[in-house]
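Asker: The residues making up each chain are set out below.
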Amino acid sequence: MKTIKKLTREQRMKRTALFMLAPAIVFLALLIAFPLGKVVHDAFSHVHLINKSMSGFAGVENFKTIVSDEHFGQAVKNTISWTVFSVLGEYVLGMITAVLLNQKFKGRAIFRTCIFIPWLVPIIVAGMTWDWILNPEFGIINYALTSLNIIDAPINFLGDSRYAMATVIFVNIWRSFPYYTISFLSALQSVPGELSEAAAIDGAGIFKRFFCVTLPQLRSVSLVIVFIHIIWTAVNFDFIWVMTEGGPNYATETLPIMIYRYSMKKFDVGAASALSTMMFTIMVILFTVYYHKRSKLSDEMA
Amino acid sequence: MMLNKRNRRISKIVTYALLVIFSLYCIFPFIWMLISALKPKTEIRTATPTFLIQEPTLENFHRVLVDAGFLRYIKNSLFVSIAACLLSMVIAVMAGYALSRYYKLKAVKLSNLAMMLSQMIPGVLLLVPLYLIMQKLNILESYKSLILAYTTFVIPLCTFMMSSFFDTVPLALEEAAEIDGCNKAQTIFKVILPLSLPSLVSTGLYAFINAWNEFMFGYIFISTDEYRTLTPAIMLFKGVNTVDWGGLMAGSVVAVIPVTLIFLFLQRYFLAGLMSGSVKG
Chain A
0 MKTIKKLTRE QRMKRTALFM LAPAIVFLAL LIAFPLGKVV HDAFSHVHLI
50 NKSMSGFAGV ENFKTIVSDE HFGQAVKNTI SWTVFSVLGE YVLGMITAVL
100 LNQKFKGRAI FRTCIFIPWL VPIIVAGMTW DWILNPEFGI INYALTSLNI
150 IDAPINFLGD SRYAMATVIF VNIWRSFPYY TISFLSALQS VPGELSEAAA
200 IDGAGIFKRF FCVTLPQLRS VSLVIVFIHI IWTAVNFDFI WVMTEGGPNY
250 ATETLPIMIY RYSMKKFDVG AASALSTMMF TIMVILFTVY YHKRSKLSDE
300 MA
Chain B
0 MMLNKRNRRI SKIVTYALLV IFSLYCIFPF IWMLISALKP KTEIRTATPT
50 FLIQEPTLEN FHRVLVDAGF LRYIKNSLFV SIAACLLSMV IAVMAGYALS
100 RYYKLKAVKL SNLAMMLSQM IPGVLLLVPL YLIMQKLNIL ESYKSLILAY
150 TTFVIPLCTF MMSSFFDTVP LALEEAAEID GCNKAQTIFK VILPLSLPSL
200 VSTGLYAFIN AWNEFMFGYI FISTDEYRTL TPAIMLFKGV NTVDWGGLMA
250 GSVVAVIPVT LIFLFLQRYF LAGLMSGSVK G
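Chains as they are written, first to last, in numbering that gives the first Met the number 0: chain A, 0 to 301; chain B, 0 to 280.
Next up, chain B with everything else stripped away, as it sits in the complex (with noise of 0.2 Å):
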């Protein structure tokens, strides 16, 4: 009894260890990004780093912001991010309500294959004929190209984290809402969606943090500064002579506090939602 007793304090101590070494190697990166993007350049650009800055400053962000237009970036990447998550919700919602109630017929099993297959199917693959298509369309610089690509590669996992949300509503909900009148849209509108909400949340979280990540498309579709997003712009700045490493983790810096934030408050739902999602997948 007195070794169970030891042997637990040791694991005890061993997994709290571990776990601090992992979360030490998963959040330095952002305590030096921060902390570098507070430092003036002559404490950036030295040989001997180190933890404590001598001047804080806010000149990095006053650069990267106002001077370099981030401003203007941060809005494009709102717009289109917001844009994309909508259009994805509205769309993931009837697909997932179509998926779940209606599986047995024979259009939507079918349906059901094509969205698993499209999300094995990578952006990349599809690079080229896709800047055709948004040229035909004559959407190349501007939002649209960049919300329909969004939008497009993150309906599939969406729809699966509403359908597998929809599969645990019971049926004799919608059955009683018909019975007291609803059609089809009312019963949707008023019974179903209101107990989506959780899921309604991380789907539309999983839809948001993609775009506002993505930067491939952006950096490809867009090339003049009005429409461009943030991460392209970010990959851009870096590529000016020398490197301005304060402003860029100051812009990084930028770049992470958004999706953190709506992160840590909703991680719940987030976390619940995109595991059911992917499960079925």
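The shape of chain A in the complex, shown without the other chains (with noise of 0.2 Å):
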């Protein structure tokens, strides 16, 4: 009797959970899980968007196209700058922000509010924005600067190859580093501030104290936020879109631009796809060695 009763609820259990998660794991299994299989299936077939005529097995060859298209490798080099760039930038703005913003003052609510808007806002109007401010002809920075002499003439950030990169990594720092900020505030706030309180009377100065006290409280955040980071950056296809289409002369285009140019602008699917795979790949690459990463942190931290 008592065996039976324990079984039916063990399996009435099983039954709501189950009966929980289905709409979750239809949603992911359909739109994320199957796109992902036929990603990888296409990869290594002959698809068009628009010549339906063009199939079958296709080996390597879509691979190959990637690879040799002229402007694979300085895609490679973009996406690389773009993402250890901009992951460095906000690590390091995000870092300085929240200790800063993890003092006792009047005000501190205000400013974080300040700090934190820029993160709030659309991609694209963040870019258009950015766009406006540094618009060589009429913006307000070229106009600051020449009028302080420190530069001879306006210069085109976005127009301008040399520029383009740094300009558009620059106002991705603007956008992202409000996230970091925020973790790692929240994180600080989690520690007890004797610590550093103790080690100032010890003599440490503040530099000391940041690195030797604080920094590794932020060990396991840190790990958290930069690999996201790295991610979401190396993948992000808005920003640059909507700043400078990767131009100009292709000067920013990173990987998940050339996606869209193979797919939307070429219809080569099957390339698109092999490159989406050899993304995707090198995620999951990194995702082990986080995830290696993240369990010895948490082994040491026990």
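Watch out, some of these pointers could steer you wrong.
Quick list of in silico lysine-lysine cross-link-like pairs, DSSO-like style, CA-CA up to 27 Å [said to hold, decoys possible]:
{"hint": "1", "chain 1": "A", "residue 1": "K207", "chain 2": "A", "residue 2": "K295"}
{"hint": "2", "chain 1": "B", "residue 1": "K103", "chain 2": "B", "residue 2": "K183"}
{"hint": "3", "chain 1": "A", "residue 1": "K264", "chain 2": "B", "residue 2": "K135"}
{"hint": "4", "chain 1": "A", "residue 1": "K295", "chain 2": "B", "residue 2": "K105"}
{"hint": "5", "chain 1": "A", "residue 1": "K265", "chain 2": "B", "residue 2": "K135"}
{"hint": "6", "chain 1": "B", "residue 1": "K143", "chain 2": "A", "residue 2": "K264"}
{"hint": "7", "chain 1": "B", "residue 1": "K237", "chain 2": "A", "residue 2": "K264"}
{"hint": "8", "chain 1": "A", "residue 1": "K292", "chain 2": "B", "residue 2": "K108"}
{"hint": "9", "chain 1": "A", "residue 1": "K105", "chain 2": "B", "residue 2": "K11"}
{"hint": "10", "chain 1": "B", "residue 1": "K108", "chain 2": "A", "residue 2": "K13"}
{"hint": "11", "chain 1": "A", "residue 1": "K76", "chain 2": "A", "residue 2": "K292"}
{"hint": "12", "chain 1": "A", "residue 1": "K265", "chain 2": "A", "residue 2": "K37"}
{"hint": "13", "chain 1": "A", "residue 1": "K207", "chain 2": "B", "residue 2": "K4"}
{"hint": "14", "chain 1": "B", "residue 1": "K105", "chain 2": "A", "residue 2": "K13"}
{"hint": "15", "chain 1": "A", "residue 1": "K264", "chain 2": "A", "residue 2": "K63"}
{"hint": "16", "chain 1": "B", "residue 1": "K4", "chain 2": "A", "residue 2": "K105"}
{"hint": "17", "chain 1": "A", "residue 1": "K37", "chain 2": "B", "residue 2": "K135"}
{"hint": "18", "chain 1": "B", "residue 1": "K143", "chain 2": "B", "residue 2": "K74"}
{"hint": "19", "chain 1": "A", "residue 1": "K13", "chain 2": "B", "residue 2": "K103"}
{"hint": "20", "chain 1": "B", "residue 1": "K11", "chain 2": "A", "residue 2": "K103"}
{"hint": "21", "chain 1": "A", "residue 1": "K37", "chain 2": "B", "residue 2": "K108"}
{"hint": "22", "chain 1": "B", "residue 1": "K237", "chain 2": "B", "residue 2": "K40"}
{"hint": "23", "chain 1": "B", "residue 1": "K103", "chain 2": "A", "residue 2": "K295"}
{"hint": "24", "chain 1": "A", "residue 1": "K13", "chain 2": "B", "residue 2": "K189"}
{"hint": "25", "chain 1": "B", "residue 1": "K237", "chain 2": "A", "residue 2": "K265"}
{"hint": "26", "chain 1": "A", "residue 1": "K207", "chain 2": "B", "residue 2": "K11"}
{"hint": "27", "chain 1": "A", "residue 1": "K13", "chain 2": "B", "residue 2": "K183"}
{"hint": "28", "chain 1": "A", "residue 1": "K37", "chain 2": "B", "residue 2": "K143"}
Hints listed in this document are in silico derivations from the structure and should not be mistaken for laboratory results.
From these two lone chains plus the hints, build me the complex, please.
Answerer: Structure representation (structure tokens):
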């Protein structure tokens, strides 16, 4: 009697759990797992968005198309510098602002709100507004820089291939760093302040205190945030598309822009999928490294 | 001791100075956006821009909202975002509850891992198959395609946000309700959900803001005016021969206002919920 009752209870639990999870699973299976499988499949097939007669197994031909694209090497380089410098800048600004905001003083909430607002706005708005601010003819920045005699002639920040990438990175940092601020801040606030005070009494200077006391406490949150942002930045399409569309002359073309170019302009779905698959493979490798690091870190902490 | 006091004062001044600089850096584009949106054309297209507006005007807003049809895009964006927000909240509450209460079941652990992985997969890599799926389902030029896409990509984080909240609700509460004769659905609706209001707010907000801000799917799935949302509309508005910067900034102001207002009123809930979800995820 007792065992039967226990079994039904367990079964009931399982049924409830599956019922509750079902909608989420359906969504993820249909709109993430299935498309993902399709991408990997298409990477090895001839698929064209318009010319439906193209079909069949393609082997590694699609990958060859991508790798031999004259702008592929540049796009890889662009993606790496776009990602590395964005994440680096965001990390540094996020850290500084979090440490500043982690003190007790009047008006803290107002500063925190101001600093967080860029993260809330649509990327397209961030891109357009900076595009306008940096405009070579009517923009306020160029006017300010020329009037202060810092530069002789207005700079076409987004239209000049020498400055375009740096400019897009700058704007990306502007919009993304607040997320780091808030994450670090909430991690710092869960740490007792006495530690830092004790170090201060022991004569540790402000920098020593930061590097020896504060920073180690942020290791685990840093790992999560940096990893997520490496992925998010590397695959970001919106920012570069709204500001430069990959130009001028491919100077800011990253791999996601290249995926768009192949799929929506050349309609070569096979090649676009091959590139997606390559990016996905790299992400899986990164994820494995991350997962390994994270479990090691939580072992250390425990 | 004297030195200590002086040091403290200096550090306070440095803190304030740096924070003022950072705040200006963050806020300045919005100030400039608003100033530009209120300027007439002659003051926009000048090589010597100023902060003062000689003749403030609302003509930019009129041109964008009425002539360029932004009122309709706003309506579309609102509809899509609210629908995606509600749908993802229902799904996240259910899945979050399962993750929190039945974590020892193997199927649940697996779903948790699947969600962690899904969170890492960005939309752009799935762009083509998603486009083709929407085409097959015959919902490309409609709200449905956007609602489905926006919901899917926020499910993982929203679920983690809800489940980390449910973790803090003591099991005893549910057991008490059960003894009082509530079934599972009643327990959730009458006992758990009223307690979860702050988390529900932050989860819903995240889903709403995400949908409101999204650009790529709106840009690719929708090509007719009727269903276009606000963010692609801004991009297309720029593309018309000489850029109408005044109009563009007016459109941007309109796009920024809802998210900023919501955030200002609900930021306490929003930030706390966001952090609990992202640390777990």
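Asker: State for each hint whether it applies.
Answerer: Evaluated hints:
A C-alpha spacing of about 26 Å is found between A/K207 and A/K295, which places the hinted pair at or below 27 Å, so the restraint holds. Taking the CA atoms of B/K103 and B/K183, the gap is near 19 Å; set against the 27 Å cutoff, the hint holds. Taking the CA atoms of A/K264 and B/K135, the gap is near 20 Å; set against the 27 Å cutoff, the hint holds. Between A/K295 and B/K105, the direct Cα distance comes to roughly 23 Å. Compliance with the 27 Å bound is thereby established for this hinted pair.
Annotation: proposed proximity of A/K265 to B/K135 holds, straight-line Cα distance about 21 Å (limit 27 Å). A threshold of 27 Å between alpha carbons decides the hint, and for B/K143 with A/K264 the separation of about 25 Å falls inside it, so the pair holds. Our distance criterion of 27 Å between C-alpha atoms is met by B/K237 and A/K264, whose separation comes to about 20 Å. Straight-line distance between C-alpha atoms of A/K292 and B/K108 comes to about 21 Å, which keeps the hinted pair within the 27 Å bound.
Between A/K105 and B/K11 the CA atoms are separated by roughly 11 Å; this keeps the pair inside 27 Å, and the hint holds. Restraint check for B/K108 and A/K13: the C-alpha separation of about 12 Å stays at or below 27 Å, so the hint holds. The hinted pair formed by A/K76 and A/K292 meets the criterion: a straight-line CA distance of about 26 Å does not exceed 27 Å. For the hint linking A/K265 to A/K37, the alpha-carbon distance of about 19 Å falls within 27 Å, and the restraint holds.
For the suggested pair A/K207 and B/K4, the alpha carbons sit about 20 Å apart, so the restraint of at most 27 Å is met. Note on B/K105 and A/K13: the hinted pairing holds, with a Cα-Cα distance of about 10 Å set against a maximum of 27 Å. For the proposed pair A/K264 and A/K63, the alpha carbon gap of about 19 Å is at most 27 Å, so the pair holds. Restraint check for B/K4 and A/K105: satisfied, since their Cα atoms lie roughly 18 Å apart, inside the 27 Å limit.
Between the alpha carbons of A/K37 and B/K135 the distance comes to roughly 14 Å, so the proposed pair stays at or under 27 Å and holds. With a C-alpha separation of about 15 Å, the suggested pairing of B/K143 with B/K74 holds against the 27 Å cut-off. As the CA atoms of A/K13 and B/K103 are separated by approximately 10 Å, the hinted pair is consistent with the 27 Å bound. Our distance criterion of 27 Å between C-alpha atoms is met by B/K11 and A/K103, whose separation comes to about 10 Å.
Annotation: proposed proximity of A/K37 to B/K108 holds, straight-line Cα distance about 25 Å (limit 27 Å). A threshold of 27 Å between alpha carbons decides the hint, and for B/K237 with B/K40 the separation of about 16 Å falls inside it, so the pair holds. With a C-alpha separation of about 23 Å, the suggested pair B/K103 and A/K295 falls inside the 27 Å cut-off, and the hint holds. Under the criterion of a C-alpha separation no larger than 27 Å, the hint pairing A/K13 with B/K189 is consistent with the structure, at around 22 Å.
Between B/K237 and A/K265 the alpha-carbon distance is near 24 Å, which keeps this suggested pair within the 27 Å criterion. Between A/K207 and B/K11 the CA atoms are separated by roughly 19 Å; this keeps the pair inside 27 Å, and the hint holds. A C-alpha spacing of about 13 Å is found between A/K13 and B/K183, which places the hinted pair at or below 27 Å, so the restraint holds. Pair hint A/K37 plus B/K143 holds up; C-alpha atoms about 22 Å apart against a cutoff of 27 Å.
Going down the numbered hints, you'll see the structure goes against none, and every one checks out.
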